[in-house]
Each structure stands twice: as C-alpha cells, then as structure tokens.
Amino acid sequence: MEAVLDARRKVNLFCNAFGFAAGMLKGSLAGGRTENMNYNNISDSAKIGNNVKFGQFITVGDNVKIGDNCIIESYSYIGYSNGRERSGLSIGKNAHIRSHSVVYLGSSIGENLVTGHHSIIRENCIVGDGFQLGSSSILMGELVIGNYVKTGSKVEIGQFSKLGNYVWIFINSSLLTDKYPPSMDIIGPTINDFAIVGAHCVVFPGVTVGKDCLLGSGCFLTKDLGDLTIAVGNPFRELGSVKKIKLEDGITSAYPWRYRYQNGYPIEIASSWLAEVEKIEDT
Amino acid sequence: MEAVLDARRKVNLFCNAFGFAAGMLKGSLAGGRTENMNYNNISDSAKIGNNVKFGQFITVGDNVKIGDNCIIESYSYIGYSNGRERSGLSIGKNAHIRSHSVVYLGSSIGENLVTGHHSIIRENCIVGDGFQLGSSSILMGELVIGNYVKTGSKVEIGQFSKLGNYVWIFINSSLLTDKYPPSMDIIGPTINDFAIVGAHCVVFPGVTVGKDCLLGSGCFLTKDLGDLTIAVGNPFRELGSVKKIKLEDGITSAYPWRYRYQNGYPIEIASSWLAEVEKIEDT
Amino acid sequence: MEAVLDARRKVNLFCNAFGFAAGMLKGSLAGGRTENMNYNNISDSAKIGNNVKFGQFITVGDNVKIGDNCIIESYSYIGYSNGRERSGLSIGKNAHIRSHSVVYLGSSIGENLVTGHHSIIRENCIVGDGFQLGSSSILMGELVIGNYVKTGSKVEIGQFSKLGNYVWIFINSSLLTDKYPPSMDIIGPTINDFAIVGAHCVVFPGVTVGKDCLLGSGCFLTKDLGDLTIAVGNPFRELGSVKKIKLEDGITSAYPWRYRYQNGYPIEIASSWLAEVEKIEDT
Chain A
7 MEAVLDARRK VNLFCNAFGF AAGMLKGSLA GGRTENMNYN NISDSAKIGN NVKFGQFITV
67 GDNVKIGDNC IIESYSYIGY SNGRERSGLS IGKNAHIRSH SVVYLGSSIG ENLVTGHHSI
127 IRENCIVGDG FQLGSSSILM GELVIGNYVK TGSKVEIGQF SKLGNYVWIF INSSLLTDKY
187 PPSMDIIGPT INDFAIVGAH CVVFPGVTVG KDCLLGSGCF LTKDLGDLTI AVGNPFRELG
247 SVKKIKLEDG ITSAYPWRYR YQNGYPIEIA SSWLAEVEKI EDT
Chain B
7 MEAVLDARRK VNLFCNAFGF AAGMLKGSLA GGRTENMNYN NISDSAKIGN NVKFGQFITV
67 GDNVKIGDNC IIESYSYIGY SNGRERSGLS IGKNAHIRSH SVVYLGSSIG ENLVTGHHSI
127 IRENCIVGDG FQLGSSSILM GELVIGNYVK TGSKVEIGQF SKLGNYVWIF INSSLLTDKY
187 PPSMDIIGPT INDFAIVGAH CVVFPGVTVG KDCLLGSGCF LTKDLGDLTI AVGNPFRELG
247 SVKKIKLEDG ITSAYPWRYR YQNGYPIEIA SSWLAEVEKI EDT
Chain C
7 MEAVLDARRK VNLFCNAFGF AAGMLKGSLA GGRTENMNYN NISDSAKIGN NVKFGQFITV
67 GDNVKIGDNC IIESYSYIGY SNGRERSGLS IGKNAHIRSH SVVYLGSSIG ENLVTGHHSI
127 IRENCIVGDG FQLGSSSILM GELVIGNYVK TGSKVEIGQF SKLGNYVWIF INSSLLTDKY
187 PPSMDIIGPT INDFAIVGAH CVVFPGVTVG KDCLLGSGCF LTKDLGDLTI AVGNPFRELG
247 SVKKIKLEDG ITSAYPWRYR YQNGYPIEIA SSWLAEVEKI EDT
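So the protein lines, in turn, are chains A, B and C. Residue numbers 7 to 289, in the numbering used here, belong to the letters of the first sequence in order. Residue numbers 7 to 289, in the numbering used here, belong to the letters of the second sequence in order. Residue numbers 7 to 289, in the numbering used here, belong to the letters of the third sequence in order.
Do not rely on the hints blindly, as some may be mistaken.
Note that the list lumps identical chains together, so a pair holds whenever it fits in one copy or between two copies.
To be verified - Computed list of lysine-lysine pairs in DSSO-like fashion (alpha-carbon distance at most 30 angstroms, straight line):
hint, residue 1, residue 2
1, 168, 53
2, 185, 71
3, 71, 285
4, 99, 168
5, 156, 71
6, 229, 250
Hints are computed from structural coordinates only; laboratory data are not their basis.
Based on the sequences and whatever the hints tell you, model everything.
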C-alpha cells in the first residue's frame, strides 16, 4: 500500500540518501534554501510511497506512482512522456533505480525492481516482480516480462517481446523485432521460463526460445528452439540437450540451472526448485 | 531563420515542457527563484531560436546555435568542447535531443534531428536533415552523414566515415576506422544510399558498402560490397542480389526497401520512390 | 601530494571550467546565490587537490580523494556507494572524467585517468596510471588493471579480470566471468601486456590471452592463447604469429605494435620500445 504524501516534503526527509555527510547537508541548508537543496524536481501530483529515498538532480513527472521503500538515484528521470503512453507509470515497492536512468510513463512494474545506471524502460511495458535490468540496457516498450527476469548490461529487448519467468539475458544481447528492416511489421521474440540467453546473442523477430534453453555466447538464433536445447554460433546450430553440460566435477548437470542455483530468489521459490531436484533424484 | 533571443528569458517561457503540472511549477516558483527553477545553465551567448523547449538540468555552452522549435531534454550538454572543434555548433530547426545526451561544438546538423537518450555527437560532424541517432549511440566526430539516415541504439560511427542518404544502421553495429590498431592511420567506411546495416554488424575501416546493400545481422564486412548485394556472417559471404529476398507473400521483393516502405519520409521523397516502382512495373 | 582544501570554495574558484562565458556566470551570480551557481553537491569531507575543475550538476560523496589538476565533468557521480566498497575512492592527479560518469567508492586509480561519457568504474578496482576507459564502458569491480591500458566505447571488463600493461580492448568487447551462468563461481580473464582485443570480441571466463596477442574483431576466445598469437572468429581459430601481419608496404610487421606506435606514451617508455626495435634490427 502506498500513501499519497507530499513529494516535496519527502525529499527533505530523505535528503541524506547515498551517504552524504551531515556537514554537507548543513552547508546546503545555509541561506534557508531547504526546499531544493538536492535540486530535485518532483511533481506534486506524483504518488510517492513511504520511506522512498531520492538522490539528487532527479525529475519525477506527473502520473507517477512509486511504492514504499523505493530508492531513486541521482540524475534519473521517472515518468518521461513520449506521448505514446496509455497510462501513468506504476513502480512497485522496494525498487532501486540506479543513476542516470529513464523510466517512461505507461509501464507497470512489479516489486523489487533493480536497474543499473543509464538504463531505460520505455512506455507500456508490463514487468513482473524481481526484475533486474543491467546498466545501459533498454526495454523498448510495449512488451511483457514475467517474474524474476534478469539482464546484464547493454541488453536491448525489442517491442512486443514476451519473456517468461526466471529468464536470464546476458550482456550485449538483443531481441530483434523487424524481419524485413525497415518495416512496420514488428514482432518480438518469445523467451520461455528459465531460458538463458548468453552474452552477445541476437534472437530474431518472432523466434521462440523454449523453456530451459541455453544460447551460448554469440548465438544468432533465427529459428524456434525446443525446450531444453543448446544453441550456439552464427549461423546457429543445435547441440542437443542442456543436460549434457556438466559442471567441472564432470558429474553434476549444470542445466537446468535452478537445481544448483537459487541465490537471490525468494525462499518459497528456491524450496520448490530443490523439491524438484529431490523428485528427480528419487526416480 | 533563427532569432537571437535572450536564452534565460526563453527558459522561463518554456519551463513547462515535458508535461509538468502547473502545481509543480508553482511550487518551484515559491520564494521568487523564478530564474533557475529548472536548474538550467544556458549561456547568454547561445543563439536560441523561437519556441525552443528546454527540460531541466541542462547545459548549453557558448557558440551554440539552436534552430526554431527544437526540444532539448533534461541532463543534456549542448556545445561541449574538447578543444578540437573548428567552429561552433549549429543544430537546425525541429531537433529533438533526448535526455542525458552530449553534443560537441564543431558540428553542423540539419533540420529534424532526433536522438535517443544517452547519445553522443562529437566534433566536426556534417549531418544532413532528418538524422535519427539511437539511444547510447555515438558519432565519433569528423564524419559526414547525408539526409534521412537512421540508426538503432548503441551504434558507433567512426571518424571519417561517409554515409549517403537514407542509410539505416541497426542496433549494436560499429563502423571501424583503424586497420592496424593501434595506429594513426584512420579511415572510415563509406555507406552508400539506401544501404541497410543490420544489427550487431561490423564494417571494417575503409570498406565501401554499395547502394541498396543489405548486411544481415552479425555480418563482419571486411571488403567492399557492390550495389544491391546481400552479405552475411563472420567471415562474411555474399548471397547475391537483395531482390531475391521476398516478403512473406513469397512474391513481393523486400528490397530495395524504398518501394514498399515510405513511413516517416517527406511526401515528395516518398512520391518519387513510388514513381520509381510504377516505372519498374510498367517495364 | 594533494592538499585538503575546502571543496565548496574550490567549486567557486573553477566554476568557469568548460568554456562558459563570463556573462553567463555573472547571470548565475545575480541574486547572491554564488554558492550553488553550478548546482554541485560536493561533500565537505572530500579531499580535493589543487586546481581541480568541476563542471555542473556534479555529486562528490564522502571518502573521496581527488588529485591535483583533475577535471570532473558535469552530471558525474564520484564516490558512489553500493555498500560493497572496502575503502574510499582515490583518483590520482590529472584525471579527466567525462560527463554522466559514475565512479564507485573502494577503487584506487592511478594518474592521468581519462574516461569517456557515461562510463562506470565500480568498487574495489585497482587501476594503474594512464588508464583510458571509453564512453559507456564499464569496469565491473574487483579487478586489477596495469599501466597505460586503453579501451574503446561500450567495453565491459568483468569482475576479477586481470589486465597487464599497455593492453588495448576495442569497442563493444566483453570480458566474461561466469562459466556456467548463472553461478556464484566467478573468474575473470587475464590479458597480458601489449595484447590487443579487437572490436566486438568476447573473452571467456578464466581464459588467458598471452603477451602481444591479437584478437581480430568478432573473436570469441574460449581457450588460452599463447604469446604473440593471432585468433579470429566464432568459434575461434588460431592464425599463427602476429609478426606475419604486414603494414600496407608489405614489408613492415604491424605487430608487436609498440615498435611502430608510441603515440601518447611517456617518452621514457616510448624510448625503451624504440631501443628494442634497434636491438632486433641489429640482430
């Protein structure tokens, strides 16, 4: 639940975010210019939750709703309008938006968002809980992302892409949308649950990546990939089941990754994955 | 024609750019600090056209000329000097420079420029009308770009590159300049009219891409390419004429693209392309 | 040696950095708001050397030490904390940090640092003298970089990477760290002295690139490479000794590059390289 408080007052309350010394704040306060000592321009009509911390030089526009306990870092522009938004912007609780980022109006973002610096989230995205977007990465708008999706830096996810839950997209990878560039016929890829898109990959427009797939670094995927499949290279080739990939002990399957890696996921989700492992081992 | 007006006065006139509520502006005005309520630092000697809209936290240096009806968004630095500029900066009318961008002195940019966020245009570039530069993309300076060139995000166009008219460079592609890195022997690629450089491509130093060519995603082009040619892969290979590529109906040629796509181009240009189509169909 | 001066006073002293006209500064001074005319928030506890120039809209946090003659450009955040730093931030003399950059606490950076715009240096990096980091490039933290290393733009150097001296990493290349993504088993590549990593390359986790190696553009290096070796492609293949590559005269070896290129290196270093050439020619 988010209380609608006066944004300007809140800025004062939390002006000591990011570790500035009391001495510095006192300096800024000298002369009675309390109000703008952090040089923030936060719309009075923005709905700011409790315990939201703002950095400095921040812009928050109208029609923005920010949940409790969020951190909005310096030089960020929250609630940017390009005129194509179909609604305001809603950011769930506990978000942490790093500096120099831009979040457009029209998107609805779940709880526990984390972004890197210089990130962009464009209009009309529907994003689940626990989303992590790397530095200089871009959501191009009009796309749907499930829960606990994480990306590296410099990733671009094209319009109308559909990402399931627990997907990873690593550094410098792109999800394309235009089969015959330039055209008006835009279609995003679909990436299913638990799939891994390695670094420097390209997924072509309209292509579906199956559940639990692994795209090795530098894979240019031009066709659909069935569940649990490895793909590598440009042109890409399939290399069979992800289960073949063993950890350095030569015994443990590295994939599906959720059986060996639960770091940072909620305990109930991690437990369900561990229960799956036990079931597999029992059989 | 651009009238030379007092920059600071204009900032006041257009302080409500980007959809901030009147309520917010009133708040900022409280205390009589009208002058800097948007925290802009705009040089008094900059020549700002009529109806130019500024965001907030903007820097505009000396020797900058901004045409009528431009929009300069927040956190942008217009007129940056690295000491290598041979002139001031001139930005034609109707430009829209998105937030967190940097435009150096020394460049001359035509009308209707559009940039993404976090974009960089360096010194001594000559850029035609209708140029669109994607987010986090960089013009490295000392280069020439024709009319209606468009790029995706994270594109880098190296020094001394020459781009014709109606060229497209898609996401994450680079035009290189140094054959024997590191060296002082810098030579840019040449990209001729209507050519398409797909996503994640690399065009090597001094290489010429012919008119109407198509570089598929992930192409590393190390040699010149004749007009109307497809190239793909790393190492690259030629795949014949672009005319072979059909749209999903299996009949219509997808390339040259101008015969099927005129979106966003001026009506007189679009008409001339359509007239070409008719001529082809008549023969 | 850095004198500990009052940061705020220094901002006033150098407010005319970056070529703003006296007229503009006078305008900003009107109304007696001298103190914040550049809208900088610089911690009183930061240790700022002599003759440091600040742009505008700058944040400098606590526990930051900036050497003499540094330039910190606008919209930069120096001394950012993510809570993982093991110390303050130390930036040696003559650094030039371009606009919109972020430098975390915990890193120790030598003299003559140069960064591009939108660059990021994360926590606990040990960086030598003469480091140049391209625009939108990222040091991911917890890594070691020798002297005179230079990168292009959009480079990412992963955690725990080790770079020797005089290494070049060109545009859009990444040094990866996770063999079985996602995992907690992070290991960076090692790049030895004088090695060249071309544009759009990927060096895999834990891989060692030998001294004087050359990775051609688009190389995905998955295994160790001995000294003086060329590698290209994805999957990569070795192409023998770098000495085989001749300049356009067909006679002079292009590599090792230090025998033909000394631009920008200190005279005593350049001289030692030239002495090596003479020794080779004598034999």
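Q: Could you place residue 229 and residue 250 in one of the four classes (within, between, both, neither) given a Cα distance threshold of 30 angstroms?
A: both (22 angstroms within a copy, 20 angstroms between copies)
Q: If the cutoff is 30 angstroms on CA atoms, where do residue 71 and residue 285 land: within, between, both or neither? Let me know, please.
A: Cα proximity of residue 71 and residue 285: none, with 43 angstroms in one copy and 56 angstroms across.
Q: At 30 angstroms max between alpha carbons, let me know whether residue 168 reaches residue 53 within a copy, between copies, both or neither.
A: within (29 angstroms within a copy, 46 angstroms between copies)
Q. For residue 185 vs residue 71, is the C-alpha pair at or below 30 angstroms within one copy, between two copies, both, or neither?
A. neither (36 angstroms within a copy, 40 angstroms between copies)
Q. Quick one: residue 156 to residue 71, C-alpha cut-off 30 angstroms, is that within a copy, between copies, both, or neither?
A. Classified as within; 23 angstroms inside a copy, 34 angstroms across copies.
(Q) At most 30 angstroms between CA atoms: does that hold for residue 99 and residue 168 within a copy, between copies, both, or neither? (A) within (23 angstroms within a copy, 38 angstroms between copies)
Checked against the numbered hints listed earlier, the structure breaks hints 2, 3; every other hint is satisfied.
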